[in-house]
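Just so you know, we're using my numbering here: the sequence shown kicks off at 1036 and counts up by one.
Below, a list of computed lysine-lysine pairs in the BS3-like style, where the Cα atoms sit at most 25 Å apart:
1. K1061 <-> K1043
2. K1090 <-> K1061
3. K1043 <-> K1090
4. K1043 <-> K1083
Everything labelled a hint here was simulated from the structure, so no lab data went into it.
None of these values were measured; they are calculated from a predicted model.
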Amino acid sequence: MIDGVMIKELCVRADERGYLMEILRKDDECFERFGQAYVSAAFAGIVKAWHAHRKQTDNMCCVSGNVRLGLYDDRPDSPTCGQTQSIVMGELRPLLVQIPPLVWHGYLPVGGAMAVVLNIPTEVYNYEEPDELRRDPFDPEIPFEWHVSGG
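Using the sequences and the hints given, assemble the complete structure.
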């Protein structure tokens, strides 16, 4: 597990009318503060990665479809520096994943369908000075394979 990453298993409350799933509450252990909420979607086979933030903490949940979330820690002072982590989440495994600043992350839809990810970051997006660092999805310095192996 990457240092500082928190995973919250989400409870889906279903009945004959449909379902309700709470994602993040202000009384959750992982709640820091509210910046904004937005959704990001990716078509099947498209990798949306790598990015990180200097100040912002992300709180991500896949609300439609399923994704493989990739994490990479290159923070020099972190006990997990150099490590990667893969988390499958979505309709089949409802999770909230909290990603601290300076941890690289991205996702790949799995299962052949488009995926929709809800993010509730701790900061609002600054259009003049975005808090974003970006790297190529297939950066050879990041030891992470996006393909899903069979077996």
